[in-house]
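S.K.: Residue strings, one per chain:
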Amino acid sequence: MASAETTPQRTFPQLEFTGAEAGLREFPGSRSRAYNYFTPQKLRATMYEDVTFDVQPDPERHLSQGWIYGFADGPGGYPKDWTLLKSSDWHRFLDPNEEWEQTIYRNNSSVVRQIQLNLENARKADAYAGWSSGWVTFVERNLGAWMHAEHGLGMHVFLSEQRSAPTNMINNAIAVNSAHKLRFAQDLALYNLDLSESDIAFDGGVHKRTWQQDPVWQGVRENVERLTAIGDWAESLFAANVVFESLVGVLFRSHLVMQISARNGDYVTPTLVGAGEHDYDRDLRYTRALFRLLTGDETYGAANRDVLQGWLDKWVPSSVRAAHELQPIWSQPQDRVVTFADSWAHAVSGFRGLLSDLDLSEPKGLAQ
Amino acid sequence: MSRQSLSKAHKKITELSWEPTFATPAKRFGTDYTFDKAPKKDPLKQILRSYFPMEEEKDNRVFGAMDGAIRGNMFRQVQERWMEWQKLFLSIIPFPEISAARAMPMAIDAVPNPEIHNGLAVQMIDEVRHSTIQMNLKRLYMNHYIDPAGFDITEKAFSNSYCGTIGRQFGEGFITGDAITAANIYLTVVAETAFTNTLFVAMPSEAAANGDYLLPTVFHSVQSDESRHISNGYSILLMALADEDNRKLLERDLRYAWWNNHCVVDAAIGTFIEYGTKDRRKDRDSYAEMWRRWIYDDYYRSYLIPLEKYGLTIPHDLVEEAWDRIYNQHYVHRVAQFFATGWPVNYWRIDPMTDRDFEWFEEKYPGWYNQFGRWWEEYSRLRHPGANKPIAFENVGYEYPHRCWSCMVPCLIRSDMVTDKVDGQWRTYCSETCAWTDKVAFRPEYEGRPTPNMGRLTGKREWETLYHGQDLADIITDLGYVRDDGRTLVPQPHLDLDDPKKLWTLDDVRGITFNSPNVLLNQMSDAEREAHVAAYRANPNVTPAA
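Line order of the protein sequences matches chains B and D. Per the numbering used here: the first sequence ends with 368, consecutive numbering throughout. Per the numbering used here: the second sequence ends with 546, consecutive numbering throughout.
Calculated directly from the structure, the hints in this document are not laboratory data. Positions of the beta carbon are idealized from the N, C-alpha and C atoms, including for glycine. A portion of the hints provided could be inaccurate.
Pulled from the structure, derived: some chain B residues nowhere near chain D, Cβ distances all over 10 angstroms [stated by the list, open to error]: (1) Pro13; (2) Arg31; (3) Leu63; (4) Lys86; (5) Leu117; (6) Asp126; (7) Ala129; (8) Ser178; (9) Asp187; (10) Gln259; (11) Glu298; (12) Gly350; (13) Ser356; (14) Asp357.
Part of the chain B face toward chain D, derived, beta carbon under 8 angstroms [stated by the list, open to error]: (15) Thr18; (16) Gly19; (17) Ser30; (18) Thr46; (19) Val55; (20) Trp67; (21) Gly70; (22) Ala179; (23) Leu182; (24) Arg183; (25) Ala185; (26) Glu222; (27) Thr339; (28) Ser361.
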C-alpha cells in the first residue's frame with residue numbers, strides 16, 4: 001500500500017480568465033459571425049443550412065485540388081455522371097424537412113415512443129383478443145410481407161443511394177429516408193413479435209413464406225428487388241419514391257390497411273402504419289422538391305423531363321402490375337370497407353397529382 | 001428494454017432480409033476480397049426502437065451542456081491558443097464523419113451478411129449525427145468566441161487550403177477504391193478502432209485543460225457511438241480472414257491504412273495537443289505518452305497483435321517506426337513548425353511558444369530545444385509586420401519542405417525522403433512506406449495478383465503547384481483568407497488583437513513570390529536534382545544561433 005509520502009501529488013490545470021468571449025474587443029473580422037461561403041436561401045442561414053452546406057466538397061465550388069483518391073475506373077468523390085439527370089446547380093436543392101441531427105432523433109424517438117405506448121396499451125387491454133381469424137390471417141400474412149418491402153427499400157435502395165448524389169443536402173435527405181424505412185420495417189417486425197407472443201393464434205413466421213412464395217406478393221417483391229438493382233442513384237430514387245411508393249406503397253398502407261383496420265376491430269395496426277405514412281409524407285416532400293428543381297432547370301429541364309418520362313415508361317408497368325397482383329388481398333378481411341378499384345383510383349389520383357407537380361406526362365400503362 | 005427482449009427483438013429483425021430471386025442489389029462498388037467461405041459474424045445487437053431514444057438522450061445532454069456553456073460564459077476562460085487550432089480541426093472533421101456514412105453502402109455491397117448490414121445501417125445514421133453535431137459546435141464557437149474569422153469561412157477553407165488535403169484523406173480514403181480496403185480496413189479497423197482514441201478521447205481532455213468543456217461534451221458523445229462501429233469492423237475483418245485468398249490484401253491494406261493514418265492523424269492531432277495547449281504541467285501527458293497508451297498499448301497490443309492467431313501478419317515494423325517518428329524523430333514538432341512556417345496561408349492564428357513551453361518540450365522530448373527552440377524564438381521575433389516578411393520568407397535557416405505525394409504531409413524527417421520518377425513525374429515521398437503506397441499498393445496488380453478494384457491517387461496532389469510563381473498577396477486573396485475590412489489577414493502569427501498595427505494585411509505580404517518545390521524539382525536536370533535531394537536529406541534544418 002502506498003504511503004502518503006510516496007504518493008505523487010496530483011496537479012490540475014489552472015483556471016485562467018482569458019477574456020476570449022465575443023464582443024470584448026473590436027478588430028477586423030470581430031463581427032463576422034456567420035458562415036460566409038454559401039448563399040442562404042433566405043436572408044439568414046438556417047441551422048440546417050449551416051450544418052449541411054459544403055460539408056461534402058465539390059470541385060466546382062471550393063475544392064481547388066480536386067478529389068485526391070479515385071476509383072480504378074473513374075474519379076472519386078461524387079461524380080455527377082452517376083446519374084443521367086443534370087442540373088445547372090445541384091447545390092440549389094435544400095431539404096424542405098431541414099433534416100439534421102436533432103430533427104432525426106426527435107422525430108424518430110417520438111414515433112418509437114408512441115408505438116411502444118400503443119403496443120403496451122394494446123397488450124394491457126387485450127386488444128387482439130377480439131380480432132377475427134380472417135383479420136389475424138390478413139395481418140400475419142400481408143402486413144408481415146409488407147415489412148420486407150420497407151426493409152428492402154431502406155437497406156438496398158435508399159442507403160445505397162446516399163453514397164452517390166453530388167451534394168450533402170441530397171445525400172443527407174436520402175440517408176434520413178433510409179433510416180425511416182429501416183425503422184418502420186423494424187416497427188412492423190417487432191409488432192409481429194408482439195402478436196406472436198399474445199394469446200391469439202398468430203403465426204409469426206408465415207410472413208417469410210408469403211413474401212417469397214405467395215403469388216399475390218411476387219409482383220411487389222419483384223418490383224422491390226429490381227429497384228435495388230438500379231445503378232443510377234436518381235433513377236432508383238425516382239422509381240422508388242415517385243412510382244413504387246405512389247402506386248404500391250400508398251395503395252397498400254393508406255388506401256387499404258388504414259381504411260379497413262378499424263372496421264375489423266383493430267385499432268393498433270393503423271397507429272403503426274400511420275407512422276409509416278407520416279415518414280413517407282416527409283420523404284415525398286424532399287423527393288418532390290428535388291425532382292421539381294430538375295424538371296424546372298433552366299438549362300437541363302427539358303432533357304431531364306425526357307429522361308424521367310423514360311423512367312416512368314420503364315417503372316410504372318412494374319408497379320401497376322405489382323399493385324394489381326395484390327388485388328386478392330382486398331377480399332380477405334371479413335369486413336371489406338373498400339374495393340380495390342376505389343383504393344387504386346385514390347392511389348392513381350395521388351400519382352397523377354405528383355406527376356403534374358413535376359411537369360411530367362402520364363405514362364401509357366397507368367390507365368390499366 | 002431488457003437484455004433478453006433485446007436479443008429476441010434482434011433475432012426477429014434478422015427475419016427482414018431475404019435471398020432475392022428476381023434481381024440482386026446493384027454492385028456499385030467493387031472489391032477484390034471474397035467472402036464465399038466466410039462464417040456469418042454477428043456484430044453488436046442494435047435495434048432502432050432503442051437506438052433513437054438513446055441517441056436523443058445523448059443529444060439532450062450535449063445541447064444542455066451547450067446552453068450551460070453560453071450562460072456560464074465559458075469563453076471567459078478558454079485559451080485562444082487552443083481555440084485557434086479548432087478553426088483547423090473543426091473544418092476537417094465533419095467531412096470524414098459524413099464520408100463514413102457514405103462508406104456504409106460500400107461495405108454492405110461487399111459483405112454478404114444481413115446481420116452486419118443492420119449494424120452498418122445504424123452506423124450510417126450515427127455518422128450523419130456526428131457530422132452535423134460537429135458543424136453545430138463550430139457554429140457555437142463562431143458565435144461566442146472572440147475571433148470568429150476563420151470559423152466563418154470553414155468549409156471553403158477546408159476545401160482550398162494546403163491542410164485540407166491532409167485531412168481529406170481521412171474521409172476520401174473511406175469512400176473510394178476497393179470497398180473493403182476503404183470502408184472496412186482503412187475506416188473501421190484502423191481509423192475508428194485506433195485513431196479515434198487520440199481524436200475523440202485524448203484531444204478533448206486537452207480541450208478541458210484549456211477551458212473548453214464543450215469539445216469534450218460533443219466528442220465523448222460521438223466516441224460513445226464508436227464501440228458499435230468497431231464491432232462492425234471487427235466482424236467483417238473476421239469474415240475476410242476466413243478466406244486464404246484475402247490474406248495478402250489484408251496485409252497490404254493494414255500496412256497502407258496504418259501508415260497513412262499515422263502520417264495524417266498524428267500530424268494533425270499531435271500538433272493540436274502539443275502546440276494548442278497552455279497546460280504545461282510536467283505530469284500532463286505529452287502526445288507521445290498518450291499515443292503510447294491509447295494506440296500502442298490499447299490498439300496495437302490488445303487488438304492488432306491478437307489477430308496473429310488467425311495467421312495474419314501484423315505490421316509490427318510500421319508500428320515501431322511510427323513510434324520512433326513520434327518520439328525520437330520529433331514528427332509532431334516538425335509538423336507544427338511547418339504549419340507555423342506556412343501561417344500566411346492558414347485560416348487561424350498561431351501563438352508563439354514561450355520559455356515555459358520550451359521547458360516543457362525539453363522535459364517531454366529531450367533534444368527539442370536544439371532542433372526547434374531557436375526557430376520558435378525567431379518566429380516570436382518576426383511575429384509583427386512592418387520590419388520583416390513572414391518567417392517563411394526570412395532567412396532563419398529553414399528550408400521549405402517537399403510534400404509527400406502519398407500522405408501529403410511534407411517530407412519533414414528529411415533523411416527519410418524518397419524521390420522517384422513515377423508515371424512520368426518526379427515525386428517525393430516522406431518515407432519508404434508512402435512510396436510503396438503510390439508505386440505498389442494503389443495499382444491494378446499486387447504481388448502478381450490482379451487488383452482491379454484498388455483505388456488510384458488522383459488530383460493536384462501538391463497544393464503549392466496551384467500557386468507556383470504567384471504573389472503571396474494574390475494567393476491569400478484568391479483563397480479568401482482576408483477579414484471583412486478587405487485587407488487584414490485572417491491568419492496571424494500571434495494572438496495580439498489589442499493593436500491593429502500588429503495585424504498583418506495584404507500590403508505586408510505583397511511582392512513576395514511563392515514557389516512550388518515539386519515544380520522546381522521537375523525543372524531540374526538529373527545532376528541538379530541528385531545534388532538537391534542529397535542536400536535536402538542531409539540538411540538538419542536547424543536555425544543557427546544568432
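S.K.: Confirm or reject each hint.
M.R.: Consistency of the hints with the structure:
no., hint, verdict
1, Pro13, "violated (4 angstroms)"
2, Arg31, "violated (7 angstroms)"
3, Leu63, "violated (5 angstroms)"
4, Lys86, "holds (20 angstroms)"
5, Leu117, "holds (12 angstroms)"
6, Asp126, "holds (20 angstroms)"
7, Ala129, "holds (22 angstroms)"
8, Ser178, "violated (7 angstroms)"
9, Asp187, "violated (7 angstroms)"
10, Gln259, "holds (25 angstroms)"
11, Glu298, "holds (26 angstroms)"
12, Gly350, "holds (26 angstroms)"
13, Ser356, "holds (30 angstroms)"
14, Asp357, "holds (27 angstroms)"
15, Thr18, "holds (6 angstroms)"
16, Gly19, "holds (6 angstroms)"
17, Ser30, "holds (7 angstroms)"
18, Thr46, "violated (11 angstroms)"
19, Val55, "holds (5 angstroms)"
20, Trp67, "holds (6 angstroms)"
21, Gly70, "holds (4 angstroms)"
22, Ala179, "holds (5 angstroms)"
23, Leu182, "holds (6 angstroms)"
24, Arg183, "holds (4 angstroms)"
25, Ala185, "holds (5 angstroms)"
26, Glu222, "holds (4 angstroms)"
27, Thr339, "violated (29 angstroms)"
28, Ser361, "violated (27 angstroms)"
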